Amino acid sequence: MAKQYVTTIVNGDNVEVLCDPTQTLLDVLRDEMDMTGTKEGCGTGDCGACSVTLDGVLVCSCLVLGIEANGKKVETIEGMAQGEELHPLQRKFIDHVALQCGICTPGLLIASKALLEENPDPTEEEIRYWLAGNLCRCTGYHKIIEAVQDAAAEMRGN
Amino acid sequence: MRYEAPETLDAAIGLLAGQSGQVKVLAGGTDVLVQIHADMIEPDVIVDIKKIAEMREIADEDGAWRLGAAVTGKELMDNAAFNAAWPGVMDGVRLIGSVQVRGRATVGGNVCNASPAADSVPPMITSRAIATVIGPNGTREVPVQDIATGPGKTSLEAGEFVVSFKFPKRPARSGDAYLRFTPRTEMDIAVVGCAVNLTLDDAGICTDAIVSLGAVAARALIVEDAAKALIGTPVDEAAMDALAAAASAAATPIDDKRGTVEFRTEVAGVLAQRAAAIALERAKS
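Which chain is which? The protein sequence lines are A and B, in order. Per the numbering used here, the very first residue in the first sequence carries number 1; after that it's consecutive. Per the numbering used here, the very first residue in the second sequence carries number 1; after that it's consecutive.
The set of hints was computed from the structure by calculation and includes no laboratory data. If you're wondering where the values come from, they're calculated on a predicted model, not measured in any experiment.
Under the rule of at most 27 Å between Cα atoms (straight-line distance), these lysine-lysine pairs were calculated in the DSSO-like manner:
1) B:Lys51 <-> A:Lys72
2) B:Lys153 <-> B:Lys51
3) B:Lys257 <-> B:Lys153
4) A:Lys73 <-> B:Lys74
5) B:Lys24 <-> B:Lys153
6) A:Lys73 <-> B:Lys50
7) A:Lys3 <-> B:Lys50
8) B:Lys74 <-> B:Lys153
9) B:Lys51 <-> A:Lys73
10) B:Lys166 <-> B:Lys284
11) B:Lys228 <-> B:Lys169
12) B:Lys24 <-> A:Lys3
13) B:Lys50 <-> B:Lys24
14) A:Lys73 <-> B:Lys24
15) B:Lys51 <-> B:Lys166
16) A:Lys72 <-> B:Lys74
17) A:Lys73 <-> A:Lys3
18) B:Lys50 <-> B:Lys74
19) B:Lys153 <-> B:Lys166
20) B:Lys24 <-> B:Lys51
21) B:Lys166 <-> B:Lys228
22) B:Lys51 <-> A:Lys3
23) B:Lys50 <-> A:Lys72
24) B:Lys24 <-> A:Lys72
25) B:Lys24 <-> B:Lys74
26) B:Lys169 <-> B:Lys74
27) B:Lys74 <-> B:Lys51
28) A:Lys72 <-> A:Lys3
Start from the sequences and build out the full structure, keeping to the hints where you can.
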């Protein structure tokens, strides 16, 4: 079938893109919009590397068809920093060295941001359960949890 | 592949009935997109049913809940009144995938994907929810336990899909619960699952019970002997022993990398007891 126009708001900008109905939102972001910050890990919803929000809901972009994003708001890692100023989660991930190879990092940051919007003061257990859908094969998670807790404290004004 | 997103049930019925090639209903997509990605299916047409209003509603109809088949796990988790009414169903929903997966995945999809290990299916069965199925030949009502017929197979006929689930009103002093065994607490597939729904009289005697096991047969089972072990008792130790024996006796699992026949058979009994204990507490509170 012919490609179809999809109109979305990505990180606050109106974007119109031609996409094939078989392309996932992940494919459309990376291949059609050249936004390669969102990573492909498993492609089957197990690893969370491709996490984005769709109308504010945390999803795996590999499990959404690009065409399903028509008329919806998409937030990706590219929209997290304000210009040169990193989001507190991004700064704390660097401060705590909560990454090694970095492939899981955009997904973990997007998922952590969604957590803190819902729960500004999560316990370690709540963070671990929330991030169960984001796999990291380098860090062992400990530094990631510390970075999220530290960022949460800063964002609460402590 | 063509993508269609009808906004009415009639339009969806027309699209699903009028196709010659392979047609797939798309709800949350957390199974369908994986199957496309793995080349397990190559649909000619995808019919996205998420824009149909009645399939997105959660409604309390005078104590009897109606749940649209395209309501996501997250939307259900955010509905405090439904959580209070059917905590055992929510035990199952909360165990589906990750936060990301529950942002998309639907109970309707979990039921129609027909995995024997689907976490929301045993508690949906014990809730005695009835699915409203619609298709080219009209509407019919199907108990949840009659939707799946085996792994990946359903009793839905060509062009049919589930619109919503209707839950019965709950009597006073009722409680339900679902537990599963998995090596990981999250993002895992049930080795065994068990749901129990029971009702007590004002003296604390169990007057009604239904028990369902998941992941120990080709589809989720209703274990009538397990329910009989509870009915007429105060759900005491003797009843719990009989419950466990009945659950283990009903389990006909396979050996695979997730668990052996012997292990699954024993765990079916253990989980039945533990789920019954939680359901009992909920019935009393």
